[in-house]
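Trainee: Between the sequences and the hints, there should be enough to build the whole structure, so can you do that?
Chains as they are written, first to last, in numbering that gives the first Met the number 0: chain A, 0 to 357; chain B, 0 to 67.
Hints are not guaranteed to be accurate.
Below, a sample of chain B positions facing chain A; criterion: calculated Cβ distance under 7 Å [as the list claims (entries may be wrong)]:
{"#": "1", "residue": "S17"}
{"#": "2", "residue": "V18"}
{"#": "3", "residue": "K27"}
{"#": "4", "residue": "T30"}
{"#": "5", "residue": "Y32"}
Only pairs whose alpha carbons sit at most 35 Å apart, straight line, appear in this in silico DSBU-like list of lysine-lysine [unchecked claim]:
{"#": "6", "chain 1": "A", "residue 1": "K64", "chain 2": "B", "residue 2": "K25"}
{"#": "7", "chain 1": "A", "residue 1": "K132", "chain 2": "A", "residue 2": "K76"}
{"#": "8", "chain 1": "A", "residue 1": "K64", "chain 2": "B", "residue 2": "K21"}
{"#": "9", "chain 1": "A", "residue 1": "K59", "chain 2": "B", "residue 2": "K25"}
{"#": "10", "chain 1": "B", "residue 1": "K27", "chain 2": "A", "residue 2": "K132"}
{"#": "11", "chain 1": "A", "residue 1": "K351", "chain 2": "A", "residue 2": "K207"}
{"#": "12", "chain 1": "A", "residue 1": "K326", "chain 2": "A", "residue 2": "K353"}
{"#": "13", "chain 1": "A", "residue 1": "K206", "chain 2": "A", "residue 2": "K76"}
{"#": "14", "chain 1": "B", "residue 1": "K25", "chain 2": "A", "residue 2": "K5"}
{"#": "15", "chain 1": "A", "residue 1": "K212", "chain 2": "A", "residue 2": "K354"}
{"#": "16", "chain 1": "A", "residue 1": "K326", "chain 2": "A", "residue 2": "K253"}
{"#": "17", "chain 1": "A", "residue 1": "K353", "chain 2": "A", "residue 2": "K209"}
{"#": "18", "chain 1": "B", "residue 1": "K67", "chain 2": "A", "residue 2": "K5"}
{"#": "19", "chain 1": "A", "residue 1": "K326", "chain 2": "B", "residue 2": "K67"}
{"#": "20", "chain 1": "A", "residue 1": "K351", "chain 2": "A", "residue 2": "K76"}
{"#": "21", "chain 1": "A", "residue 1": "K352", "chain 2": "A", "residue 2": "K253"}
{"#": "22", "chain 1": "B", "residue 1": "K21", "chain 2": "A", "residue 2": "K76"}
{"#": "23", "chain 1": "A", "residue 1": "K59", "chain 2": "A", "residue 2": "K349"}
{"#": "24", "chain 1": "A", "residue 1": "K59", "chain 2": "A", "residue 2": "K212"}
{"#": "25", "chain 1": "B", "residue 1": "K21", "chain 2": "A", "residue 2": "K207"}
{"#": "26", "chain 1": "B", "residue 1": "K27", "chain 2": "A", "residue 2": "K352"}
{"#": "27", "chain 1": "B", "residue 1": "K27", "chain 2": "A", "residue 2": "K207"}
{"#": "28", "chain 1": "A", "residue 1": "K132", "chain 2": "B", "residue 2": "K21"}
{"#": "29", "chain 1": "B", "residue 1": "K20", "chain 2": "A", "residue 2": "K76"}
{"#": "30", "chain 1": "A", "residue 1": "K59", "chain 2": "A", "residue 2": "K357"}
{"#": "31", "chain 1": "B", "residue 1": "K26", "chain 2": "A", "residue 2": "K132"}
{"#": "32", "chain 1": "B", "residue 1": "K21", "chain 2": "A", "residue 2": "K206"}
{"#": "33", "chain 1": "A", "residue 1": "K64", "chain 2": "B", "residue 2": "K26"}
{"#": "34", "chain 1": "B", "residue 1": "K21", "chain 2": "A", "residue 2": "K59"}
Worth flagging that the hints you see were computed from the coordinates, not collected in a lab. Note that CB positions come from ideal geometry on N, CA and C, so glycine has one too.
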Amino acid sequence: MDKSVKVSSIQMAMLAMGFLFGGTAVVNPAASARQDAWIADIISFVGGLALIGAYVTISKLNPGKTLIDILRHAFGKVFGSAVAVLYIWYIIHQISLALRGATGFMTNTIYPETPDMFIAIAIMLVSVYMVKKGLEAVARVSELLVPVFLVSAMTLFFTLISLYKPSNFLPVLERGFAPVAEASFTMTVFPYGESVILLMIFPHLYKKGKLTKSCFIAAAFAGFIFVMISARELMVLGPDMMTRAMNANFISAKLVPGIDIEALIATNLMIGSGIKICICLYAAAYAIAQLLGQDSHKTFVMPVAILGVVMSLWLFDSIIEKNLWQKEVYPYYALPFQIVIPAALLILSKVKKKKAIK
Amino acid sequence: MVIGTIVGFLILILMDMSVLKKTRQKKKTLTVYFMIVGAALLISILLAIDKPPVSPSLVIESVVNFIK
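Mentor: Listed below in structure tokens is the structure:
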């Protein structure tokens, strides 16, 4: 591991927050629970905290080790490297999904005449530049931009107050608990479970003792913002519109009386997706470099970025198809990466630690 | 479109040359590097000529549906 790369606890919290916001800035995974979306947000927050807690524990049990090191340490060099290759695929897939979400939103709302490819390349070139400058550069940008995300989400929430209809929250649990449980599961996996990728950057935290605090603060802020977004969409658009609309967030922003504020949604998307893409790009490039026994991630930034762009254009014909896939298939596809393998890592790490103490 | 894609890839690789020159374990690194770029180029060309291979999303979907 490149020990010269150091990130402060605030920067780590901002990176984690930006990562959690990426993608969910436009699509609300809890929307399928209709007027109970806020309940799904709260339940998924609890599930998300448990997952993030598990990832932090894995990192603490393996100090100074990245996900790739931990996999090879726990499963052995051959099997561990094979699982690491699967994770590299998963991370590159995440890049293309985040990129597809961002380009789909842009072409559907702000740049309807621009081909997806140009927006994808533009986002990726900036990300490549940032990641090549190092993780510290990404961390500093997060430190600067994530507060903008928080402020613009708050601004949108308060500027719409005159249009709020609190009666849209009722009736609570009209269709029973099953849809809420399903939406909670989807939201626990996307975005909280994706934090498993952060295991690639956790060892770069300067004050190791503050990892738990940084991650839980990030999750708490993200959870709060998700509940706020669901409440806002629900009170402004109502459960029907919120569930059906592809970009409910954007539509609710368009309703702000007197001013055109919808660009803030695009800003949020660019901040969230940009940070998520940068972290995934760094994680994938660094993971490949580590597998090949190299210290620097820089060699593989460009190939991973190129593959990410190509895959984002290849995976889905339309953004509707992508959203549907992400809702119905993704939670099951992500289970091994987010729960099964990390659970095995947690158990094996604990056993190995106990053996080492004895 | 195909020629444009190939030229685009060449430009990106040329831009990356300075990084490639500095790497250790050149053989292994270059093999993996060009495998990834090659895969991306192949998919791009197939996309450009409107003959894309089966999307991984469809493959994942059928695996998930099979297991479910």
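Trainee: For each hint given before, does the structure comply? Return the numbers of the non-compliant ones in rising order.
Mentor: 1, 4, 12, 18, 21
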